[in-house]
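2 protein chains.
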Amino acid sequence: MNRFSSAISGNAAVIARILANDHVADIVEALNNEPRKLAADLLAQAPFERTVEIFDQPELDDASELISALPRNRAGKLLAAMSADRAADVLRDLDEAARLELLHAMPPALRHSLLSILGYEEGSAGSIMTTEYVSVPPDWTVARTLDYIRQVERTRETVYAIYVVDPDTQHLLRAFGLRKLITSNPQALISTIAADTAPVSVPPLMDVEQVAHLIRKYDLLAVPVVEDDKILGIVTVDDVLDTMIEENTEDAHRFGGMEALDEPYMKMGFFSMIGKRGGWLSALFLSEMLTASVMQHYEVELEKAIVLTLFIPLIMSSGGNSGSQATSLVIRAMALRELSLADWWRVALRELPSGVVLGVMLGLIGMGRIVLWQYLGLYDYGPYWHLIAATVGVALVGIVTFGSLSGSMLPFALKRIGFDPASASAPFVATLVDVTGLAIYFTVAALILSGTIL
Amino acid sequence: MNRFSSAISGNAAVIARILANDHVADIVEALNNEPRKLAADLLAQAPFERTVEIFDQPELDDASELISALPRNRAGKLLAAMSADRAADVLRDLDEAARLELLHAMPPALRHSLLSILGYEEGSAGSIMTTEYVSVPPDWTVARTLDYIRQVERTRETVYAIYVVDPDTQHLLRAFGLRKLITSNPQALISTIAADTAPVSVPPLMDVEQVAHLIRKYDLLAVPVVEDDKILGIVTVDDVLDTMIEENTEDAHRFGGMEALDEPYMKMGFFSMIGKRGGWLSALFLSEMLTASVMQHYEVELEKAIVLTLFIPLIMSSGGNSGSQATSLVIRAMALRELSLADWWRVALRELPSGVVLGVMLGLIGMGRIVLWQYLGLYDYGPYWHLIAATVGVALVGIVTFGSLSGSMLPFALKRIGFDPASASAPFVATLVDVTGLAIYFTVAALILSGTIL
Chain A
1 MNRFSSAISG
11 NAAVIARILA
21 NDHVADIVEA
31 LNNEPRKLAA
41 DLLAQAPFER
51 TVEIFDQPEL
61 DDASELISAL
71 PRNRAGKLLA
81 AMSADRAADV
91 LRDLDEAARL
101 ELLHAMPPAL
111 RHSLLSILGY
121 EEGSAGSIMT
131 TEYVSVPPDW
141 TVARTLDYIR
151 QVERTRETVY
161 AIYVVDPDTQ
171 HLLRAFGLRK
181 LITSNPQALI
191 STIAADTAPV
201 SVPPLMDVEQ
211 VAHLIRKYDL
221 LAVPVVEDDK
231 ILGIVTVDDV
241 LDTMIEENTE
251 DAHRFGGMEA
261 LDEPYMKMGF
271 FSMIGKRGGW
281 LSALFLSEML
291 TASVMQHYEV
301 ELEKAIVLTL
311 FIPLIMSSGG
321 NSGSQATSLV
331 IRAMALRELS
341 LADWWRVALR
351 ELPSGVVLGV
361 MLGLIGMGRI
371 VLWQYLGLYD
381 YGPYWHLIAA
391 TVGVALVGIV
401 TFGSLSGSML
411 PFALKRIGFD
421 PASASAPFVA
431 TLVDVTGLAI
441 YFTVAALILS
451 GTIL
Chain B
1 MNRFSSAISG
11 NAAVIARILA
21 NDHVADIVEA
31 LNNEPRKLAA
41 DLLAQAPFER
51 TVEIFDQPEL
61 DDASELISAL
71 PRNRAGKLLA
81 AMSADRAADV
91 LRDLDEAARL
101 ELLHAMPPAL
111 RHSLLSILGY
121 EEGSAGSIMT
131 TEYVSVPPDW
141 TVARTLDYIR
151 QVERTRETVY
161 AIYVVDPDTQ
171 HLLRAFGLRK
181 LITSNPQALI
191 STIAADTAPV
201 SVPPLMDVEQ
211 VAHLIRKYDL
221 LAVPVVEDDK
231 ILGIVTVDDV
241 LDTMIEENTE
251 DAHRFGGMEA
261 LDEPYMKMGF
271 FSMIGKRGGW
281 LSALFLSEML
291 TASVMQHYEV
301 ELEKAIVLTL
311 FIPLIMSSGG
321 NSGSQATSLV
331 IRAMALRELS
341 LADWWRVALR
351 ELPSGVVLGV
361 MLGLIGMGRI
371 VLWQYLGLYD
381 YGPYWHLIAA
391 TVGVALVGIV
401 TFGSLSGSML
411 PFALKRIGFD
421 PASASAPFVA
431 TLVDVTGLAI
441 YFTVAALILS
451 GTIL
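Sequences listed follow chains A and B, in order. Once you know that position 187 of the first sequence is 187 in full-length UniProt numbering, the rest is easy, because the numbers rise by one and skip nothing. Once you know that position 21 of the second sequence is 21 in full-length UniProt numbering, the rest is easy, because the numbers rise by one and skip nothing.
Errors might be hidden in some of the hints.
As the list claims (entries may be wrong) - Computed spacing ranges between beta-carbons, pair by pair:
hint, chain 1, residue 1, chain 2, residue 2, range
1, A, A44, B, Q210, 28 to 36 Å
2, B, S340, A, E49, 31 to 39 Å
3, B, A188, A, L341, 55 to 63 Å
4, A, E101, B, A283, 55 to 63 Å
5, B, L118, A, L189, 40 to 48 Å
6, B, K267, A, E263, 50 to 58 Å
7, B, I306, A, L341, 44 to 52 Å
Source of the hints: derived by calculation from the structure; they are not laboratory data. On a predicted model such as this, the values are computed, not experimentally measured, just so you know. Heads up, the beta-carbon is just placed ideally off N, CA and C, and yes, glycines get one too.
Using the sequences and the accompanying hints, generate a full structural model.
Okay, structure coming up:
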């Protein structure tokens, strides 16, 4: 739906009406569908207040590109009027020269608070916090605080969470909700209405996922970011929602066996996408080449018993599937903080019997298939068909157990050596299990079939 | 950390102190770690108000089980005092007899609103809405509305979103934030301060994921659930956060190739877990059996050219990996509403060239490996080694292209026939691609090698 392009063939009044009346989220959606040049032109002409609102939406695509297309003067004013966390987001994606130029045209106080946000690495609480929160000293009354909120309301991202700060030390003392404020006696002192305990807070370097976990656990609308007892900013629930959706997309892409895309699928350039996929695909391919080496190693057995090759795809995929299940379970439980690094042995003790039971299930089905085909005359597995059935059954128990166990331990191992456990992907596990799976299969075959067909 | 169990060996005063002073979220976490019997006993003795708060946390495990362990009288009072959406959640998990008994002991108005929530299927906006919201007629003043909020504040889940409802028709007219209320002139009429347009609302049957999408898009703290222009309840951002985390867990488990677990990994019973995993594992195993049939079909070729078997695992896994990438991309883009059913051909037109390019990449690596091993004398692929290299290369292009294309189309196909596109899992795609992959490999081999080793 290219609403602006169609309006342009009409007239400027239509565009003005859309910009004036539509919900800002809908304008952003419409802008995202327009060519970049047209979007930049529209933003250069739109009323200033409206443009601020539009740039304040994290859903606006290419915000940095669009803001650099504007005259430097207007760009600087927009950044100063935007919420601090969004302005930092936009600045972060600019090239360094443009970023510094814009920063140095700003009032010193604003520059300082933007630089403090930009100083934290992406994905940390500090990098998504906003410095525009409401703080009051403990000796104010409820009435005075309400008056103050009325004055500053327009420049604060949220007024629903209010922080009590010691005016001398700047230490964060307490936190309470606007709800509490409007139901309290107007003459009461702030120090008497806030809860008795220090508020839940997070350090600036805490991972956003962990911040989301705390916000959810304590049902907060915002959480203060605190260092040396001083409040640096707050992270609001809507920023967490946005970040969580991004993190989930990253995890889903990585579990699918690729680098996470940082743009929508249909908007991503063809060759950047090939890059994100091709790297992992080639790495997995190179590792999987070990299967060819394993097969070469067992070449003599293969030539003697060609019937063994028939079940290779079936057996290998079962190991990969059980591994993929175990990995997805453990990655997710880790993301939800149900499991920590220290729980690895508990998980191992659970996956070992699970793997055996699931392996026996598949083993029985596999043997059943061989017996059935043999009896029905659909295929002749030769005089030792019952030994072949046994080989397939026993190998499946071994491989599914190995798959479950290694699939569940892989995220722990990655975490232990400092990687994100979510880097463990279904294809990664499958590759890990394939090589070992072949070795297990041929070893079982050698044990059961030696002296007959091997 | 079994805080209560350890406290019990101490004395009752310690438990009373924990219950009185700790944050309710921490108490819930501690209770979740205790044996069920002990948790039920503690909840039977805890102060009533505190118990209500505890049951109001969606993080409390086995809430239904715990409430049925309480005397019926106390259970009924607790449910009446809890927020309506949580009470409905707890009732939903009870067996029918207990549910009806508790419902009929309640005041009729409450019973009616709980039944209206229980009437919507799980995962819909109606099923997670709360009926405890603030609504006022348009002819009230700001001051009167604030007074009203002060009175009802304790019985409303949120007072940050306020709804303007026509007192005669019960139609939802407008919505505004508490923020707006406290910054407006106390004598102004509500009808003059609320925005000019009807609020964003959702129908009761809308999927929760879609509700989350709207809340995020319009940066809302709550969204009203509306039917026939009448407001039935509201869905708050924290309920959406909880539901989104659940949905993400479900999607992650399903993408891993299993039924979603509805309990934390370490708490799930061993055999229920085997059930959730074994079903899909067996279904995939049965489908994967087709690979054995394909292999049997090409038995003659296999016997003539045993060298072909060496590359089967390598080639098959490449198809599965590229398919898994494409599926995770499309599932995620669908969840984020970047792609709809009508976009299938756009995706196909993108995946076809992607698959070819990625296939050529892997094909070149694969051929390189054969040439290298042959030259270095690591393995002798026979006099026709260059034709074998060509077979592997060409087959990889075909299989990776087929993998990318079918992996990306699978979620569309599932959606088209009414399933959740997220039911497409990495193992599902791998299985789909394995059978076709083998057929492609042997067909390419027949074309290239016929007259030489075949």
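Q. Okay, which hints does this one fail, numbers in order?
A. 6
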